[in-house]
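Visitor: Now for the letters of each chain:
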Amino acid sequence: MKDRYDVIVVGAGPGGSITAKTCAEGGLDVLMIEKRQEIGDPVRCAEGVGTYALKKHIAPDKRWIAAEVKGSRIIAPDGTQILMSSDSAMKDVGYTLERKVFDRVLAQNAAMAGAEVRVKTRATGLLKNNGQVSGIKAMYMGETKDIKADIVIGADGVESKVGRWAGIDTSLKPHDIETCAQFLISNIDPGEYSEFYIGEKYSAGGYVWIFPKGGYTANVGIGILGSKSGKIRALSLLHDFIETHIPHGKILEMVVGGVPVSGPIERTIADGLMLVGDAARQSDPLTGGGITNAMDAGQIAGEVCIKAKEKGDYSVKTLMEYEDRWRATIGKEISRSLKVKNLLIKLTDEQFNQLAHSLDGIDASTMELPKMLAVLSRKNPKLLWELRSLY
Amino acid sequence: MVVEVNRFKCGYCGACVGVCPVGALELMETWIEVDDSCTRCGVCAKICPVGALEVKIK
Numbered sequence: 311m312k313d314r315y316d317v318i319v320v321g322a323g324p325g326g327s328i329t330a331k332t333c334a335e336g337g338l339d340v341l342m343i344e345k346r347q348e349i350g351d352p353v354r355c356a357e358g359v360g361t362y363a364l365k366k367h368i369a370p371d372k373r374w375i376a377a378e379v380k381g382s383r384i385i386a387p388d389g390t391q392i393l394m395s396s397d398s399a400m401k402d403v404g405y406t407l408e409r410k411v412f413d414r415v416l417a418q419n420a421a422m423a424g425a426e427v428r429v430k431t432r433a434t435g436l437l438k439n440n441g442q443v444s445g446i447k448a449m450y451m452g453e454t455k456d457i458k459a460d461i462v463i464g465a466d467g468v469e470s471k472v473g474r475w476a477g478i479d480t481s482l483k484p485h486d487i488e489t490c491a492q493f494l495i496s497n498i499d500p501g502e503y504s505e506f507y508i509g510e511k512y513s514a515g516g517y518v519w520i521f522p523k524g525g526y527t528a529n530v531g532i533g534i535l536g537s538k539s540g541k542i543r544a545l546s547l548l549h550d551f552i553e554t555h556i557p558h559g560k561i562l563e564m565v566v567g568g569v570p571v572s573g574p575i576e577r578t579i580a581d582g583l584m585l586v587g588d589a590a591r592q593s594d595p596l597t598g599g600g601i602t603n604a605m606d607a608g609q610i611a612g613e614v615c616i617k618a619k620e621k622g623d624y625s626v627k628t629l630m631e632y633e634d635r636w637r638a639t640i641g642k643e644i645s646r647s648l649k650v651k652n653l654l655i656k657l658t659d660e661q662f663n664q665l666a667h668s669l670d671g672i673d674a675s676t677m678e679l680p681k682m683l684a685v686l687s688r689k690n691p692k693l694l695w696e697l698r699s700l701y
Numbered sequence: 008m009v010v011e012v013n014r015f016k017c018g019y020c021g022a023c024v025g026v027c028p029v030g031a032l033e034l035m036e037t038w039i040e041v042d043d044s045c046t047r048c049g050v051c052a053k054i055c056p057v058g059a060l061e062v063k064i065k
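Residue numbers (the working numbering), protein chains in the order written: chain A, 311 to 701; chain B, 8 to 65.
The hints are simulated quantities; they were obtained by calculation from the structure and are not laboratory data.
Backbone N, C-alpha and C define an ideal beta-carbon position, used for all residues, glycine too.
Any given hint might turn out to be false.
Said to hold, decoys possible - Subject to a maximum C-alpha distance of 27 Å in a straight line, what follows is the list of computed DSS-like cross-link-like pairs (lysine-lysine): (1) B:Lys16 - A:Lys410; (2) A:Lys312 - A:Lys447; (3) A:Lys627 - A:Lys656; (4) A:Lys447 - A:Lys458; (5) A:Lys438 - A:Lys689; (6) A:Lys366 - A:Lys642; (7) A:Lys619 - A:Lys458; (8) A:Lys430 - B:Lys16; (9) A:Lys627 - A:Lys447; (10) A:Lys511 - B:Lys16; (11) A:Lys617 - A:Lys649; (12) A:Lys621 - A:Lys511; (13) B:Lys63 - B:Lys16; (14) A:Lys617 - A:Lys365; (15) A:Lys366 - A:Lys619; (16) A:Lys621 - A:Lys365; (17) A:Lys617 - A:Lys312; (18) B:Lys16 - A:Lys458; (19) B:Lys16 - A:Lys541; (20) A:Lys560 - A:Lys410; (21) B:Lys16 - A:Lys649; (22) A:Lys312 - A:Lys438; (23) B:Lys16 - A:Lys560; (24) A:Lys541 - B:Lys63.
Said to hold, decoys possible - Some chain A residues well away from chain B (every beta-carbon gap over 10 Å; in silico): (25) Tyr362; (26) Ala363; (27) Gln391; (28) Tyr450; (29) Glu469; (30) Ser481; (31) Leu482; (32) Asp486; (33) Tyr507; (34) Val566; (35) Glu631; (36) Glu633.
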């Protein structure tokens, strides 16, 4: 590890690795640090991803695709099922990833592009020069060292500290986080669709998911809104669901985690600093998906770093391009999802059933989510009045 | 320490770190550290997916 780099990326998840790779390919001197010993492990994710959004960044590879899915099946509280697919040809529209492998491959791609990668190395603070971020304090094997850089990228996930150190308040309120638990379940035949069980019957302000993981396994998990957590816990609700719905299932792995559902935060840049992915609260508030948003943001952040280097200016003036571009792309969908989420968490189970029944006789199997929400709001104008201008 | 973390329950996911309004928590590899800026607001304990945190009355 040197004393100075052009760019330091804190966190080696998908957002950090894409940023590091993009910067390195642009000829910048990059250091990416990961506080864990192993990149990608332990997993904190349901591992579902849309193939279209993913392929923009990386060619599909059997090493990290655990299963291919054809679409989604939504199960209303009374058992009514809605089949959805984002591809009318019914080709594979989604993957369940093997994040342990996926994240390491992305980090390796950054390394192959020229970035230096360091594991078991944590940022413990930021260096500042005249109010501008000028590097990090890094700890490795108990020893702290100052490392200078023109710009620091905070890709440090839901527990991000980098933004806070730069004066950006990224703390999440209880209603801004989904608190989640998941088991990798064996002895189950999950079929070829990702399943979503919605309504208070299953989860308060969240949902239960069953994502095929290949062979006779699936990621079975639950997210509940943080504001509803306390007396009830994600983990105990998950145990209840498994007992009643998959009593023969065997638990091979346990995963817990928090997913930001706050929607876009006010600011994701400071002089000499950008936030990417969950650290920037860029996960989708409706689905909880964050992988491809983080990768898109990482790509933009990397491109802006290259421009900043050319200009020799890393102030917010130059970095504003990152802010503008991510808000104009993934930010739009995130904002829209936030509005839908805020509406859906107010619905009763009876209202969810009503929505599901309103699709009787309609073939939703070729619809993706925005189309389905458009149809739903047309069929249920009173219930979904707030959505009518969105879709 | 005013928030006690039950290490036998904790799944070291970092959700509590993300909700702490004052940044008093930090996730190391497999454990949570609490510093003395903790205000005992209890948000971390509320949102923990496994119920590993407890606010202690001084």
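Visitor: Within 27 Å, alpha carbon to alpha carbon, are Lys16 of chain B and Lys649 of chain A?
Guide: Distance ~35 Å between Lys16 of chain B and Lys649 of chain A Cα, so the pair is violated.
Visitor: For Lys541 of chain A and Lys63 of chain B, compute the direct alpha-carbon distance and say whether it is at most 27 Å.
Guide: Given pair Lys541 of chain A, Lys63 of chain B holds - Cα atoms ~17 Å apart, limit 27 Å.
Visitor: Checking a non-interface call: every C-beta of chain B should be farther than 10 Å from the C-beta of Glu469 of chain A. Is that right?
Guide: Violated, since 3 Å does not exceed 10 Å.
Visitor: Holds or violated: Lys560 of chain A with Lys410 of chain A, Cα cutoff 27 Å?
Guide: Judged against 27 Å, a Cα distance of about 21 Å means the pair holds.
Visitor: Going straight from one Cα to the other, do Lys366 of chain A and Lys619 of chain A come out at no more than 27 Å?
Guide: 25 Å, holds
Visitor: Does Ala363 of chain A clear chain B by more than 10 Å, comparing its Cβ with all Cβ atoms of that chain?
Guide: 24 Å, holds
Visitor: Is the hinted pair Lys621 of chain A and Lys365 of chain A satisfied, with a Cα-Cα distance of at most 27 Å?
Guide: Answer violated: Lys621 of chain A to Lys365 of chain A is near 31 Å, above 27 Å.
Visitor: For Lys312 of chain A and Lys447 of chain A, compute the direct alpha-carbon distance and say whether it is at most 27 Å.
Guide: Since the Cα atoms of Lys312 of chain A and Lys447 of chain A sit roughly 13 Å apart, the hinted pair holds (cutoff 27 Å).
Visitor: Going straight from one Cα to the other, do Lys447 of chain A and Lys458 of chain A come out at no more than 27 Å?
Guide: Between Lys447 of chain A and Lys458 of chain A the Cα gap is close to 9 Å, so the pair holds against 27 Å.
Visitor: Does Lys689 of chain A sit within 27 Å of Lys438 of chain A, going by the straight-line distance between their CA atoms?
Guide: 55 Å, violated
Visitor: Starting from Lys63 of chain B, check that the Cα of Lys16 of chain B is at most 27 Å away, please.
Guide: 17 Å, holds
Visitor: Are the Cα positions of Lys617 of chain A and Lys649 of chain A separated by 27 Å at most?
Guide: 34 Å, violated
Checked against the numbered hints above, the structure breaks hints 3, 5, 11, 12, 16, 18, 21, 29, 30, 31, 32 and 34 and satisfies the rest.
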